[in-house]
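> Letter by letter, the chains look like this.
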Amino acid sequence: MNASSATRIWSIDARTQPPRLLGSLSRWIALCLAVVATIIFFSVATEDWLTIVNYTLIAAIASLGLNVLSGYTGQVSLGIAFFMAIGAYTAAVLGGTLPTTPLDPLGLGLSFLIWLPAAGIVAALVGALVGPTALRLKGFYLGIVTLSLVFIGNYFFMNARAISGGPQGRTFPVPAIGDFSFDQQNTIFGITLTSGQQFFLLILPILGLSALFVGNVMRSRAGRAFKAVRDNEVGATIMGVNLFETKMGAFILSSFLAGIAGALFASFSRYVIPNYWNLTLSIQFIAAIIVGGIASIWGSILGAAFVFGLPLVIDQFSLLPVGSSSGGLSSGDLNALIYGFLIIAFLLFEPGGVIGLVRRSQALVRKLNSHGGEGGEPAEITDLPSSVGAHLDAGNPAVTKGEET
Amino acid sequence: MAYFIQLVFAGIALGCIYALIGLGFTIIFKASEVINFAQGSLLLVGAYIVSAGVFEWHLPFFLALVLGILVTSCIGLLFERFALRRMIGRPVFSILMITIGLDIVLRTLVIAKWGSNPIPAATPFEFTSGFTFGGVHFGANELWTIIVTVLLCAALYYFFRFTKYGLAMRATAIDQEAALAMGINIRTVYALAWGISAAIATLGGIFLAINAIAIDPTLGNIALFAFPAIILGGIDSVSGAVVGGIIIGLAVVVTAGYESHFANILGAGFHEIAPYLIMILVLLIRPYGLFGTRKVERI
Chain L
1 MNASSATRIW
11 SIDARTQPPR
21 LLGSLSRWIA
31 LCLAVVATII
41 FFSVATEDWL
51 TIVNYTLIAA
61 IASLGLNVLS
71 GYTGQVSLGI
81 AFFMAIGAYT
91 AAVLGGTLPT
101 TPLDPLGLGL
111 SFLIWLPAAG
121 IVAALVGALV
131 GPTALRLKGF
141 YLGIVTLSLV
151 FIGNYFFMNA
161 RAISGGPQGR
171 TFPVPAIGDF
181 SFDQQNTIFG
191 ITLTSGQQFF
201 LLILPILGLS
211 ALFVGNVMRS
221 RAGRAFKAVR
231 DNEVGATIMG
241 VNLFETKMGA
251 FILSSFLAGI
261 AGALFASFSR
271 YVIPNYWNLT
281 LSIQFIAAII
291 VGGIASIWGS
301 ILGAAFVFGL
311 PLVIDQFSLL
321 PVGSSSGGLS
331 SGDLNALIYG
341 FLIIAFLLFE
351 PGGVIGLVRR
361 SQALVRKLNS
371 HGGEGGEPAE
381 ITDLPSSVGA
391 HLDAGNPAVT
401 KGEET
Chain D
1001 MAYFIQLVFA
1011 GIALGCIYAL
1021 IGLGFTIIFK
1031 ASEVINFAQG
1041 SLLLVGAYIV
1051 SAGVFEWHLP
1061 FFLALVLGIL
1071 VTSCIGLLFE
1081 RFALRRMIGR
1091 PVFSILMITI
1101 GLDIVLRTLV
1111 IAKWGSNPIP
1121 AATPFEFTSG
1131 FTFGGVHFGA
1141 NELWTIIVTV
1151 LLCAALYYFF
1161 RFTKYGLAMR
1171 ATAIDQEAAL
1181 AMGINIRTVY
1191 ALAWGISAAI
1201 ATLGGIFLAI
1211 NAIAIDPTLG
1221 NIALFAFPAI
1231 ILGGIDSVSG
1241 AVVGGIIIGL
1251 AVVVTAGYES
1261 HFANILGAGF
1271 HEIAPYLIMI
1281 LVLLIRPYGL
1291 FGTRKVERI
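Residue numbers (the numbering used here), protein chains in the order written: chain L, 1 to 405; chain D, 1001 to 1299.
Excised from the complex, chain D in its bound form (with noise of 0.2 Å):
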């Protein structure tokens, strides 16, 4: 029973990573309906750069946080301006392919920066701190994750909710000519997108980096398990974003924990294919995932 408790505290946490990266498409998806696939990388380009700041720069954690987050929202909000702003009203495939251009091309910038072998992560508390109570062990890097996400998901619900430009965000979301006619400046809503979703991709990729003790290039990789969990919750809403993060993080975890029970059936890596599995059923039965509004298209 420990052990089953140990598992579904782990696969919260891991959850709320992926509700974390989920946010992050959400957020660019609702204010502008592209999936952004750099995402992956942003988070990348953020993790390396608070651990470099840490480690090679010797700034303390806060400070080189700080930094990290300020460059991705930088590239998002360039890369918002400079190319996305130019394809509006092209194909979806064009939109798409130029987010995995921006990918490819971060990606590979990390590599030449920092090479292909792992580098420490940094943190601001150790690995191996934590709590046990009734067997089961809490982890500081794990509580960790889980408190910045309910704080930023408060956060956000105040920002959405209560601000100028949050429920300018929301009506651009609703219905975007309406907006522009209310005087909304759109321009101004998806650099704000961009911004916040690429300061979220940056938190995701460190508590990523301290999950995984060190951060190579294929860290990024793992933001394509966000898919699962926002076609779960459905791709335009951010709460669905978080309850389907964790509903991913633990199918992830748990079945990696009993996986090696069911070996000779299962084999190796089940976990991996897991989230994908459920999320090509849910597609079939909810293609507008769990909380996601119904597009009604007849022809």
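Isolated chain L, as found in the complex (with noise of 0.2 Å):
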């Protein structure tokens, strides 16, 4: 494994020119299609298919941020409740209705444009914060550390009533721009908003963007650097790369993606209770990035959809008999079950995840073209990937689509 990371990390720096976003037609092509999927699909869904695609591209935004910590980085975080709850209930201080009774909760009526931003900036902090005690600690222990954190936030939340509202829980701020409310229909130039539509008008850029930077970070040195640590510490350390920093810097951005995706999770809702935020949740995401894929954005991206996205779509169309109390299955506990077989058979046969069965049979493909005679890649981009590492970097679609032109 290290021997096959080698020729990687070298085949990956000695390209000239670095995988541009928009660099070959096919990416054009790509681009085009999505953005005309995106509007049909936009203007002809109804409000209920709209919340259902919300929900899933805000989980996206967590899992991504997951995966920035355990995906690329190594690190097992069961945390990531907590984090969004820290998210959450910044927005809802910041952004909340001012209190009229000395009961209400504690709200300061700001803007958006403050409370979204702000929602990431505190998880951020309050991951850099817990950082440095959790990552002293490695795998299991680190495991067992950030389940502690979902308990003590748990703990916390209930009893701060002025911040959450208690066990009852309380309510959380809209985005608005003047009167334009995103909780009401509102018409602008001439064309009349649903507030389905709206909230995905701001989700949809949010993930595009956290995509895009994750990505564009995973290139850098300091994304090299995640994965180096994860492959092998001692390995990292000689290289020149600073453990603890990396760590710190995964955390803090893994932190900061959790905590947007809370604020946008709680202001969708406009209602959630301090309870929400429990381990569940947290092993939800854990079963989203091992589904889809590990250390990739798209799989992120498929992993939120399937574990997240499917039991609602499940309900949508009733596709369950009622279920009783004894003994019947909800959607939400058949999908457990089935991403929980989805998990094992992942981690023993194809530990990349949804992602690395397309980049499989992508790579089979390619290389029954080849035999047709002009095959002009390097062989060991080719190869199918024997090894985790090297699954875990033929997931991640900006190094391998970077190779086909």
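Worth flagging that the hints you see were computed from the coordinates, not collected in a lab.
Some hints could be false.
What the hints assert, rightly or not - Just so you have them, the derived chain L footprint on chain D, three or more residues with Cβ under 8 Å:
hint	region
1	1101-1109
2	1142-1154
3	1223-1233
4	1267-1280
Bear in mind that the values here come from a model prediction, so they are computed numbers and not experimental data.
Using N, Cα and C, we set each Cβ at its ideal position, and we do this for glycine too.
Got two chains here, each in a separate frame; can you build the complex from them with the hints?
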């Protein structure tokens, strides 16, 4: 594995041209198709479907955050629910309506242009605060400490009535630009936008920017340091990577994305109880990145769609008989059963997740094509990856896609 | 004073349950360096099968107990044989996650079979039985928990110290390659570790269930309290798991007993995080626990 990773790094660095986002015709076409598909979906989708898609997109932002820490940097974290909660309650305190009675939870009534970035920043700061303690530990220990963060956070938010509204929960602010509040229908330039459509227009660019940012970071020195730490800590240190700084960087970036996702989720749900940010939520995100694809941007998004979107779709179509209290499976439970099995299956047979499967089949197709003659690619890229590390890197779309032209 | 003694007694009993669960974690960790996150679900499956055996299938309690232990041990053995054995040499992250996968599957299967509503716990004695001495009530449930834990620890001590397979397991824990070279069958050792720890999980589950009088699918989460216990004791120390379990049990019960006096400072539910606070403190001062092996790692 060490030898193969050495060649891998060499083959990436040795390219004179860095991979361009829109560097080729096929990428322009893909972008145009995506834009057209989005516009069509946007104009024909019902409010129910927009709700499903919005929740999925929000979950994708958090999955991306978890993937930075667990997928790219290899640090086990069960604490993402805690950082989402920090983001959500930052948003609530900064953006919430001013309390009218002393019993109401706090709110400063600020604009979402303040509370949304602040949600990410405060979560990142808390990450920076917790990080030095947590990151002294490795593997299982880190997993258990981040797990305890979720419980401690739960206790804190249950009791901090002024922030969270206590066990009954509180309402969360809705983005608004002047009178243009996202929770009602608004007309702009003669087009009437529903609440779901407005949220969609807010969330999709945030996800896009996050994905682009994470993708670019992973191609930079910092990103390669993340992967080096994941693959071999001692090796990374010898190569001049500062372990602590690298882990902290991953932890902070991951917490930032989780905070943003938490704020968006709470804002879109309007009302959340502190118990929502529990261990199950963290585990769902872990399931998402494993099923979708570890250390992969598209994997994070696909995984979020599978774990968080699918139960909503099942409910939408009422595919299940109405569950009774004894013995019936809810859509969430059914989905949990499926992704539980999938976690085991993917970890055993395809550690790259769905994206790993896609890459593998792409590589196979390319190999078949190149028998026709015009294969001009370096062998170490087209070869089927055999080790875990190679799988993980093959999951990075930026690296493999860049080779195509 | 009687109140305090009552709390200490209850704390030791609860601590014994944590110790049982912690033993399950420790035995697997010692054998194969894996933390089994599915321990909570194994416990849940065991407790449900015993309850269902008594109330649905009308088996005698001890037959149901044997059935529960058999089923959970089989799950443990099969999982070890068909999943974990293929994961040897893979990153810690993947191994941890695959046990979480098993945890999700088992818990959902329990919900699918028995629903989310509580079902009564099976017990060989009356819930309210026991005796009162000097103003302190010694419940049968607590007494049995302590007795069974002590007996089990004695049995495990004997097993690890004097039997062929116990020695093989200890040798494997110390040095896997040397054990292999001495002709120890590592696969048997792994299988034994999973079988024993699943069986212990079932016992822990039954006592937890009796303690709570009814069981529902959230019972498995209580196994998470065993994490602070094993980290306190040292993750690779069997006796540490017992001591850690009892300390954590005492901490939970005593803080729960007195937290109402400090409700305006601590709020509600402080006893639920007290174990984690103790654990974080321990990790900061002695990351290898009270009885664990100090791992030297230098670059």
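> Of all the hints given earlier, name the ones this structure violates by number, lowest first.
2
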